[in-house]
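Undergrad: Note that the protein sequences, when read in sequence, are chains A and B. Sequential numbering from 1 applies to the first sequence in my numbering. Sequential numbering from 629 applies to the second sequence in my numbering.
Because the hints were derived from the structure by calculation, they are not lab data. A hint or two may mislead.
[Unchecked claim] Dumping the calculated BS3-like pairs for lysine-lysine here, alpha-carbon to alpha-carbon at most 30 Å:
(1) Lys471/A - Lys269/A
(2) Lys471/A - Lys1099/B
(3) Lys1099/B - Lys45/A
(4) Lys744/B - Lys897/B
(5) Lys219/A - Lys1099/B
(6) Lys744/B - Lys471/A
[Stated by the list, open to error] One-sided excerpt, in silico: chain B residues whose CB lies under 7 Å from chain A:
(7) Lys911
(8) Glu1022
(9) Leu1101
(10) Thr1104
(11) Ser1163
(12) Ala1237
(13) Gly1241
Don't be surprised by glycine CBs; every beta carbon is placed ideally from N, CA and C.
2 protein chains.
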Amino acid sequence: MSHGYNGRILRVNLSRGRWTTEEPADSFYRRYFGGECFVGYFLLKEVPAGADPLGPENKLIFAAGPLTGVPVGGCGRHSVGGKSPLTGGFGEAEAGGYWGAELKMAGFDAIIVEGKAEEPVYLFVRDGQVEVRDARHLWGLKTLECEQAIRGELGDSGIKVAQIGPAGENQVRFACISNDLDAFAGRTGMGAVMGSKNLKAIACRGCRRLSLAEPEAVKEIGRWIRDNVPVATQALQEFGTSRVIPGLNQAGGLPTRNFQLGYLDGADKISGQTMKDTILVKKRSCFACPVHCKREVKVDEPYAVDPRYGGPEYETIAAIGSNCGLDNLEIIAKGNELTAAYGVDSISCGGVIGFAMECFERGLLTRRDTGGLDLRFGNGPAMLHMIEQISRREGLGALLAEGVARAAREIGAGAEELALHVKGMEMAMHEPRWKQGLGVGYVVSPTGPDHVHNMHDSNFAKQGPLLQEMKVLGITEPLPVDDLSPAKIRLLMANNMWIHFLNSAVCCFFVMFYGLVGLERLSRLVNAVTGWETSVSELMQVGERAANLAQCFNLREGFTSADDTLPQRFFTPQASGPLQGVAPDADTFHKAVATYYEMMGWPQGVPSAGKLGELGIEWVAPLIQPKP
Amino acid sequence: MSHGYNGRILRVNLSRGRWTTEEPADSFYRRYFGGECFVGYFLLKEVPAGADPLGPENKLIFAAGPLTGVPVGGCGRHSVGGKSPLTGGFGEAEAGGYWGAELKMAGFDAIIVEGKAEEPVYLFVRDGQVEVRDARHLWGLKTLECEQAIRGELGDSGIKVAQIGPAGENQVRFACISNDLDAFAGRTGMGAVMGSKNLKAIACRGCRRLSLAEPEAVKEIGRWIRDNVPVATQALQEFGTSRVIPGLNQAGGLPTRNFQLGYLDGADKISGQTMKDTILVKKRSCFACPVHCKREVKVDEPYAVDPRYGGPEYETIAAIGSNCGLDNLEIIAKGNELTAAYGVDSISCGGVIGFAMECFERGLLTRRDTGGLDLRFGNGPAMLHMIEQISRREGLGALLAEGVARAAREIGAGAEELALHVKGMEMAMHEPRWKQGLGVGYVVSPTGPDHVHNMHDSNFAKQGPLLQEMKVLGITEPLPVDDLSPAKIRLLMANNMWIHFLNSAVCCFFVMFYGLVGLERLSRLVNAVTGWETSVSELMQVGERAANLAQCFNLREGFTSADDTLPQRFFTPQASGPLQGVAPDADTFHKAVATYYEMMGWPQGVPSAGKLGELGIEWVAPLIQPKP
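Bound conformation, chain A alone (with noise of 0.2 Å):
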């Protein structure tokens, strides 16, 4: 067996109560490596084509990597997969914490999830041994209490839980999978696929150390990042995520009032800077990580923050706050905790919030429908309100727990243009607007506009550090943000290409591309700890080959280029501000998609047989044929 796997794989039949363990061949490993490769491929093989999301049929993937668990800075995640309830189609998401790198001591490399258990149960992991046991006493939980009463019932703190909240229990399309309180599978409602297998927590404990191939090459990849990313990323470590928010707001891109801005007049006061100067009582890291990015901020009342939830990110802070009107960081710490505690993607329920906020202003909501509130944009009791009420399915929140796409259907006219979303999941705090080529990404992504599949193509927009890196991919020139022509559309493919690698080992992007690790040392690690004698090339070829099985996996859903738009709203300009006149022209932006689409193999948005034979995955090509 390659070094860096256990070589074994976790099967859970719910519906059985049974499970078992398979162990693929290296060859497998090699292909398919880990992540969202791992995803795409048990998608396309077993869940069938038009299952229900929420059904028995669909199911639910935890896959770490190679590098999960190895104890370098980066290597701490893990991936969840299964088709959305949220979009339909690809559904995937990756969450840092501690719990990947104990699912790898644990003794496995992926837990496969099948069916639907009777009653509430939770699965133990420890040391290659499984216990599905009762969970009812948990149901209802929020994931604090949830994850002490796990802990205090086996008895080890030690334990490491991912779980869902309330949310998940509920259903609500944009539930997240939570593990460690402050890491998520944020992104297309992972946590209501667990909800509906009636699967509170996985509990994993194990004592394994993974085998290296060359203990002392990853030692020193490992000493060289925690000396030098942390400079590389040293205000990220300084500031956390929100460190962007004055940069982005003085440009325009800051998301405001559902999109119809870019700025917010009192953005400083949700900084990172303001964050550090206020509320900030300890930074947090990851699995064996140098960088530190992860905030702890406590809240005294009327907003009481419970430290142990950690601290909002900067994908939460303009979701739940500039998005919705507000630049009070108490209140957004708060519904930070209440996403978290509840079991809710940030992004998701602030993006259904600014919506639901713009639906009152503009009369398509009323206070009949919100049951007296006063859901206007800045009223942060409203948001927090709705955050509970969306995650109990209560009053508004049980149509706004649809998700955007299909809230905006039940109101009716008017609201479908105010329902920001791609594939029906809510946008990613970035701004296609000004970064025109994320823009394109957010399409291109097979599960719509999210922000760890995408390029952040500010960054690229001048010889920096970072478009060094790129150099080893043949990008040798910087691009402007709102450029949309061929070499910039190339970029983007590569970037994209890297990150769905990054997203199969599964590692940090902060860490191993921002934080200047370089791709050439990226795959002297893999080569470190698996033994293969990898390339860059051969990564890259992961990388592809994970985005086209999740597009494939779309295809089939019934996906069709009518899909690869972006809502109108982003073609035309903000109204004032910094970004004042700035907006991609459509024609140019879908030339720019099906360049896109052209550069990748995939004519019309549809994978070759040819690129799908290129990556050695031919087997899927007969999945997406037409049908008769």
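For this one, chain A is given, so just place chain B on it according to the hints.
TA: For chain B alone, kept in the frame of chain A given last:
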């Protein structure tokens, strides 16, 4: 300017007798790299569609790469290209020796020769300066005499000479360009292009030392190659390229009697072992190379061979030996000397003579046609006579100097099926009924059935060191020689892209690939020479770019998928011998060609606009649009 390059390209217009230099941007060098990729670029940019290959509109490009002249084994090669008078398409061939390194030391990365001199001339390139010198007194000289004359009149025995012999002067369509007397840009008729321009030779001399980004790292890789490659290529060093003859003969893969058979009873008499035991006097090398695979032989009367011409390689031994039914090594060595002295490609020449012999045996040519010569297989003196006749375009030689395709059309009924060629170029000496992946390679190669642009797939038929090399490209499984599965085509494609890169670099694949240098180490050598932070991924893109440029040149010149087949003979098993009963099925074969094209992103052989965009050469797309 990037290290490894001079940053200067020499342009010589022979019609005007003037020269200029150009200094392309760094980005040009990084994208188009050198060698074959340079050739593709300049041919598409500068040679008008439909140009007469033997007219002044055609250009002749001599191109080095960043590694050419770096004092490391395998880095002594250069490429020569132009529109081929043999195929009418992309013409290009690489040569070893010392000339390419001397060109770099003389201050240039490439020479573009334009127009046509009124009278024979030669160029003297020294230390960044150029002289266009009278060559009337050299016209008609064989290569040894010509080199001596040039060195004598310039008073420098260290001058390196690339030149044509009488065959090039006579525009034999498969005339080669010789350098250092024993190295040849052999295939696709570049010698005829040079002859058509009245350019007899290019003499180079320089004392410029290439600047290297990391001289110590270059030295270290050079030492590694010196210490390890000769071990990995021990048989090549001891017995030369013809070490393979016994094995091929045993497998039925030794082209014999115009590919009617795959074995020769006296094969051992022409093997590398026999050469070593009999006529070998010395092993020779190219610039800086520790392998010494080249031979120097001495033969006395009646077939006296001048050792200064070196000795025959495998391809020559098979082409003018077994393929002509000959097992007399002294006669073959004499034939090798004649091809070198007259400057004719020994592979095509052997192919043409073998064709003529079969025509003669089948009564399609008679003694009247041959001037009384008994042109049967196995008639050594007749073979030698034909080399001279062809080179002088005398008698039957005038017809055969046109190549088998044109000659067969002239001879008429029955001859065409004996004319073994793809796209008009004669076969390299590898049996496509056995090496079936290579057979596909013959068809998809832009230069026709060329062994330097192709895969020798017997090497991938078992889990061995060479397969290990390919793992960095994600090729992990051994595959049989006679396999045309998608997995095999994937291997072929990956191999070919790396070969296209090596031909752009311009590196020797014996050293860099068969010598087990490894793709990662070569990528580090490119880093250490140029100072670019590159990767196997970027270098594979260079190879793919070269392949796409060449393919597009062919399309622009009118090739279609109808040209993408093998002669019928290769779909019919040999009548006897070890390979009896073995041949690819024509349908399976053509499906494999289609699969290759699809994997390349070339549906029906036409690079998609997306593929060209992916490679950053979108400017090529309009050139291959079908005419309205």
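Undergrad: Hints first: check each against the structure and report whether it holds.
TA: Now for the hints, and whether the structure bears them out:
For the given pair, Lys471/A sits about 38 Å from Lys269/A by alpha-carbon distance, which is inconsistent with the 30 Å threshold. Of the supplied pair hints, the one linking Lys471/A and Lys1099/B holds, its CA atoms being roughly 23 Å apart against a limit of 30 Å. Distance restraint check for Lys1099/B and Lys45/A: the Cα-Cα separation of roughly 26 Å lies within the 30 Å cut-off, and the hinted pair is therefore satisfied. Proposed proximity of Lys744/B and Lys897/B is contradicted: the alpha carbons are some 46 Å apart, above 30 Å.
A distance of roughly 24 Å separates the Cα atoms of Lys219/A and Lys1099/B; the hinted pair therefore holds under the 30 Å criterion. Between the alpha carbons of Lys744/B and Lys471/A the distance comes to roughly 41 Å, so the proposed pair goes past 30 Å and is violated. Taking 7 Å as the C-beta cut-off, the interface hint given for Lys911/B is violated, the closest approach to chain A being about 31 Å. Checking Glu1022/B against chain A: minimum C-beta separation of about 49 Å lies over 7 Å; hint violated.
Look at Leu1101/B: its Cβ gets to within about 6 Å of chain A, closer than 7 Å, so that hint holds up. With a cut of 7 Å, the hint placing Thr1104/B at the interface with chain A holds, because the nearest CB-to-CB distance is about 6 Å. For Ser1163/B, the suggested interface contact is upheld, since its CB lies about 4 Å from the closest CB of chain A, less than 7 Å. Proximity of Ala1237/B to chain A holds as hinted, the smallest CB-CB distance being about 6 Å (cut-off 7 Å).
At a threshold of 7 Å, the smallest CB-CB gap from Gly1241/B to chain A is about 5 Å, leaving the interface hint in force.
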